[in-house]
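Participant: Please model the entire structure based on the sequences and the hints provided.
As they're listed, the protein sequences go chains U and B.
If you want the working numbering, it's the 1-based position in the first sequence plus 4.
If you want the working numbering, it's the 1-based position in the second sequence plus 4.
For the record, the hints were derived by calculation from the structure and aren't laboratory data.
There may be inaccurate statements among the hints.
Note that the list lumps identical chains together, so a pair holds whenever it fits in one copy or between two copies.
[To be verified] Under the rule of at most 20 Å between Cα atoms (straight-line distance), these lysine to any residue pairs were calculated in the SDA-like manner:
id : residue 1 : residue 2
1  : 178       : 115
2  : 48        : 192
3  : 178       : 146
4  : 18        : 198
5  : 18        : 204
6  : 117       : 178
7  : 127       : 106
8  : 18        : 200
9  : 18        : 196
10 : 167       : 32
11 : 117       : 99
12 : 18        : 201
13 : 18        : 211
14 : 88        : 213
Protein chains: 2
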Amino acid sequence: MTSTEKNISPAVIKRLPRYYRYLGALKQRNITRISSKELSERMKVTASQIRQDLNNFGGFGQQGYGYNVENLYTEIGKILGLDKSNEMIIVGSGNLGQALANYRDFNESFGYKVVAMFDVNPKLIGITVNGVEVRDIDDLEDFIKHNDIKIAALTLPQDQAPKIAKSMVNWGIKGFWNFAPVDLTLPESVTVENVHLAESLMTLTYNIRSREE
Amino acid sequence: MTSTEKNISPAVIKRLPRYYRYLGALKQRNITRISSKELSERMKVTASQIRQDLNNFGGFGQQGYGYNVENLYTEIGKILGLDKSNEMIIVGSGNLGQALANYRDFNESFGYKVVAMFDVNPKLIGITVNGVEVRDIDDLEDFIKHNDIKIAALTLPQDQAPKIAKSMVNWGIKGFWNFAPVDLTLPESVTVENVHLAESLMTLTYNIRSREE
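Facilitator: Take a look at the structure:
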């Protein structure tokens, strides 16, 4: 049984990338094992939460030894699907799209690979960003179908995003990393992860102000 | 009594920017009023949730009329502190910092103003991004103190972010919009809004894969 066949709560899933990040940092510092107590102090969650979370995936700890950092890192990576290469495209090649293409953090470390970028703007079509060519959005359908692309970052203006996302689903896209400030209405089978930057900034300023009062 | 003096749950606060975005879109289309039923269909939350949420702030609806879009937009803007100008700085002027400086969506529409950018890289110091000069990070302390800056976007590498954030708190920063893939440990009085891009992308791919199985 692969670990993903179990029914794991979304809250646990949300925490996995954070475990992965912490373990990656430990690995970089050549730390080979860590107790759940130490890990819990660093991550500011309880040790029992860590044990519970990791038990969902078979539990990787050993009594009296703690966790093998390398092992746990690799296993969580597998659960997150990072052991396979994740090809993705970026639709919308303005500033934000280009920043994502240039963003090493996920691009290199985690097996994601931006294989193409798209735009409608003739000034952008043909340029190369971090080795990736910006193509005409008219070629999007062909590219998705021929290359069996499943993941797309959407960095288009809000008025263009919903319509094109719908078409992209028909062409084979299974998941959107959506930066357009709009909620996409798509079939249940499609995954959407929203990054609504303006909303997150508003939440920040609200919280700053309410603490001032 | 200002609305922010009441005790409003974080869940409601999280939804406010979304109301604000929807109302902004209605306003742009010259729609002047909307019933809570219509608004609820668009936003995919129940009408009673909308009424409850907005009642936290005195309730802006009128029986049989619905909501005045312009009014409600303005009032929620005030609650979010968008009626005042929000000056902010960007610390870290690489691709992501530059994308934020160029990102019109919050820059122009919502009263946020990026007043300075900072970096350690001599190649970046002195360049201008969307009219904003990139300064030497050595000038950061002076700039924050002299200009009474409260909000900072952190787009630095993970190893530099925690230390500089701590100093920035001493210099007067009250809130961080944190893009560095690291959890900041700061005093309780400081607000941190994390945008951990790599983690959000990992959540997306996990969810795509688990639906495939």
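Participant: Have a look at residue 18 and residue 211 and pick one of within, between, both or neither, based on CA distance no larger than 20 Å.
Facilitator: Between copies only: 10 Å across chains, 23 Å inside a chain, cut-off 20 Å.
Participant: Between residue 18 and residue 204, at a C-alpha cutoff of 20 Å, which is it: within one copy, between copies, both, or neither?
Facilitator: Both ways: residue 18 and residue 204 sit 17 Å apart in one copy and 8 Å across, limit 20 Å.
Participant: Can you tell me if residue 117 and residue 99 fall within 20 Å by alpha carbon in one copy, between copies, both or neither?
Facilitator: For residue 117 and residue 99, the Cα distance is within 20 Å both inside one copy (19 Å) and across copies (17 Å).
Participant: How would you classify residue 18 and residue 201 at a CA-CA limit of 20 Å: within, between, both, or neither?
Facilitator: Answer is both; intra-copy 19 Å and inter-copy 13 Å each pass.
Participant: Please work out whether the CA atoms of residue 178 and residue 115 approach to 20 Å or closer within one copy, between two copies, in both situations, or in neither?
Facilitator: within (18 Å within a copy, 36 Å between copies)
Participant: Checking residue 88 and residue 213: alpha-carbon separation at most 20 Å within a copy, between copies, both or neither?
Facilitator: between (44 Å within a copy, 11 Å between copies)
Participant: Are the CA atoms of residue 167 and residue 32 at most 20 Å apart within a copy, between copies, both, or neither?
Facilitator: Classified as between: cross-chain Cα gap 19 Å, same-chain 43 Å, threshold 20 Å.
Participant: Within a copy, between copies, both or neither: which one fits residue 127 and residue 106 at a CA-CA cutoff of 20 Å?
Facilitator: For residue 127 and residue 106, the Cα distance is within 20 Å both inside one copy (19 Å) and across copies (17 Å).
Participant: Classify it for me, residue 178 with residue 146: is the Cα-Cα distance of at most 20 Å met within a copy, between copies, both or neither?
Facilitator: Result: close within a single copy only, 16 Å intra versus 48 Å inter.
Participant: Which holds for residue 18 with residue 196 at a C-alpha limit of 20 Å: within a copy, between copies, both or neither?
Facilitator: Result: close both inside a copy and across copies, 14 Å intra and 18 Å inter.
Participant: If the cutoff is 20 Å on CA atoms, where do residue 18 and residue 198 land: within, between, both or neither? Let me know, please.
Facilitator: Answer is both; intra-copy 13 Å and inter-copy 14 Å each pass.
Participant: Checking residue 48 and residue 192: alpha-carbon separation at most 20 Å within a copy, between copies, both or neither?
Facilitator: between (34 Å within a copy, 14 Å between copies)
Comparing the model with each numbered hint stated earlier shows that all of them hold.
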